Each structure stands twice: as C-alpha cells, then as structure tokens.
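Numbers 1 to 410, taken from this note's numbering, label the letters of the sequence shown in order.
Derived by calculation from the structure, the hints in this document are not laboratory data. Bear in mind the structure is a predicted one, so any value in this text is a computation, not a measurement. A portion of the hints provided could be inaccurate.
[Claimed, not checked] The following label-pair restraints were derived from C-beta to C-beta distances: (1) Thr260 to Arg137: 15 to 23 Å; (2) Ala355 to Lys259: 32 to 40 Å; (3) Gly343 to Gly379: 35 to 43 Å.
Beta carbons: idealized from backbone N, C-alpha and C, even for Gly.
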Amino acid sequence: MMRKCLLTLSLYLIVIVPVLLGAGLARAADEVFKATTAITLPNPQVVRSFDISFVDPVIGLYLLADRTNKAVDVIDTGTNTVLTQLGKGLFTGTAPCNPPAGANDCAGPDGVLTVNDREVWVGDGNSTIKVFDLASRQLTHTIPTCSPFPACAPVARRADELCFDPRDQLVLMANDAADPAPFITFIPTSGPDAYTVVKTIVMDGKNGTPNATNGIEQCQWSRRTGKFYLNIPEVNGPGDDSAPGAVLVISPETMEIEKTFNIDHDKCAGPQGMAIGPQNQILLGCNASSSSVIINEQSGAIIRTLENEGGPDEVWFNEGDDHYFLARSAANPQQLGVVDAVGRHPDQSIPIAQAGPPNAHSVAADPVMNQVYVPIPAGHSSVCGSAGGNDALGCIAVFTTTNDDPSPQK
1 MMRKCLLTLS LYLIVIVPVL LGAGLARAAD EVFKATTAIT LPNPQVVRSF
51 DISFVDPVIG LYLLADRTNK AVDVIDTGTN TVLTQLGKGL FTGTAPCNPP
101 AGANDCAGPD GVLTVNDREV WVGDGNSTIK VFDLASRQLT HTIPTCSPFP
151 ACAPVARRAD ELCFDPRDQL VLMANDAADP APFITFIPTS GPDAYTVVKT
201 IVMDGKNGTP NATNGIEQCQ WSRRTGKFYL NIPEVNGPGD DSAPGAVLVI
251 SPETMEIEKT FNIDHDKCAG PQGMAIGPQN QILLGCNASS SSVIINEQSG
301 AIIRTLENEG GPDEVWFNEG DDHYFLARSA ANPQQLGVVD AVGRHPDQSI
351 PIAQAGPPNA HSVAADPVMN QVYVPIPAGH SSVCGSAGGN DALGCIAVFT
401 TTNDDPSPQK
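Make a model of the complete structure from these sequences and hints.
Here is the structure:
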C-alpha cells in the first residue's frame, strides 16, 4: 500500500507540477496594449479639453464630454467612426466662472452616460443636466440641479459626475464645486417625478454627512449590492487632498447615506476615479498618491494596494478581458495603467502624454470589442501620430492587444 501511494504521488508530481509551472509562465505573458487606431474629429476639430467618457456596449457607442467643441462626441465602437456630436454649441465649454472660481468650476460638458440605452445624460457647467434622445439626437430636457435647493449663489457651478441605477431608474448627480458646500441630487428617469430633482444631500459635515472639503468625485452603482458608491476625495481638510478621503454607500430606496468607508490616506490620497470590478471589488483611483487601491464593497477594507498606479482621474473595469484601466493624468509622464482585475496586479503602464495640462484623464473600454478609448490632447503627445492620426489635432486613441491573456474563471 505504501509503494502504491508513493507511486501515485510521483505520477501526480510528474503530471501536475509542469502544468502549474506552465500556468505561471502563461500568466507572466500578460496582454500588451498599444494604440492601434486614432479617431480624429470631423472638419477637422481639435481635441484638447474634455472630461468624462463612457461606453454603452449594448448599443455599441462611445461618448466623450468634449469641452473644446462644446459637444458630446458619439462614436460607433464597431467602426470607430464619429456618428454625431450631440448638443454642439449648447454647453458652457471652457468658459470661466463669473464671479471667478476654480479653473473648471463652470466648465462643461462634464459627466456623461446613457440611460436605458435610449438617452444620453450630461452634466454641464451651469449646474444643469442636459438629456438627449439618441434616436432623434435632440435635446429633450434641461434639468436644473440647484432647484428647488438654493445652493448656486452667487453663480451656478458645474453639475459634474453622475451614475445610473437601472433597477430603481434613478440618477445620482454630484455638484462638486458648489459654494459653500458640494452636494448630490437624485433624479428619477421614469414615473411622475421623471427629470426632476427629488432630493438633495449637502456634504457639509452636518446631519451625518462628511465635510467634503475638496469636492465630490466619481460614483458608481453596483448590481451586486444595489447601492450607490460615491468618492469623497477629502474630509475635514484644507482642500488639497492632504487629509483622508472616504467612500459613501448610499441607498437608492431611501436616498440616504448608509455607510461611510474611511480610506487609508497613506495608501490612497484623494480617491477620485471609481470602477466596480469583479467579485467584491471596487477600484479606487487615487489622484494624489503614488498608489491606487482595490477595496471590498461590503466592508470598505483595502484588499490590494496597487503600487505605482496613483494619479488617475477616471478609471474603468472591462469585463470583456477582466482588466482595469486607469487614466493616470497626475503621473509624469501621463500614463494609461493596465491592471489584471482577477490577479489584482499591474500589467502595464503606457505613456500617453507629457506631464501637466492639458490632461489625458479620461478612459472607457468596450467589453464586446475589447477596445480601450483614451482621448489624447492636441500637441501634448505622439500617440495619435503613432496610430495614424495627427498629433497637432489630438485624437481619441483606441488601444487594443493582439496577444490573449485569458483570465481564470471567476
């Protein structure tokens, strides 16, 4: 019996160990992304100042909040061609506030997403949300986020980033630059209260809210928990992300803050970008530190620190290839970070622009085509030219990979 067991163990080692070693070698051969297409805007128009971007894989569209051209650029992800520019000329663009405020406090368009694959909702620099019908490509609603809440004196500042809960048909919008305190609003997308603000929460440190001293950043809705998650870059600080930030867990049903996750400042200063990942993961893009982090969506505990992945604004999870993408605009040079979401380790850092403004701070990925879209500002990079575009005009660069790195089963 002993000899039989030893023989069985020997056969196991002979067969299994090489397989495991081979698997380890295979994981080392991670996907390598590079810019393969450069999308140039028609006429031609310059790509210089922009904000958030978004992909709707159901209808195959990429959307970019294009401040330079005061429009939402709409691109077909199947052909990588520009279909239209929604609301061209209707947005505030890069106009400064009057009276003066922060450089981007009255800029627009800002956050952008689709609702029910039929509408595009966009934040603008005058504290409104503009809603476009995709079929007609026409503006259908302009929603003032300050009304009935009088938080826009002396000037209406931008309605910035937003997220959508399809289960409850509810949009959460963050007015991050409001004075004296930033606030969020809730707007139903259907029913008798559709397209109107039904509740406002002011982040001034009162009534159980954090004192958000450096604005409000990206939010997401998780289909696993049915909750909104919202980044607060700094709580009770001087306004430069030198104090710890937090993530709020908000119930769509009650429209109340249920939990506050305090984020370790040493590992994540200035939580800004947010992406709902696989399993129980939420990626936080930490704009003011050298690392970003992955937290547990139930407890807020940091489950992985991603060293040398700090400095992003927008981040994105692509479920098509199980990778996170981080637009690291605060890095030197600016980088596109690529992180394996299943293994939770960085795969690649791709230089995309010189350090400093204008910033390449926007990223979104299409899980059907496994294409990653990164707007590249004009005259600030050689990425557009390397992919067949014009560096002097800027472009929307499309990053793809030719080698496959299949992720483990989730």
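- Query: Any hints this thing doesn't respect? Which numbers, in order?
  - Reply: 1
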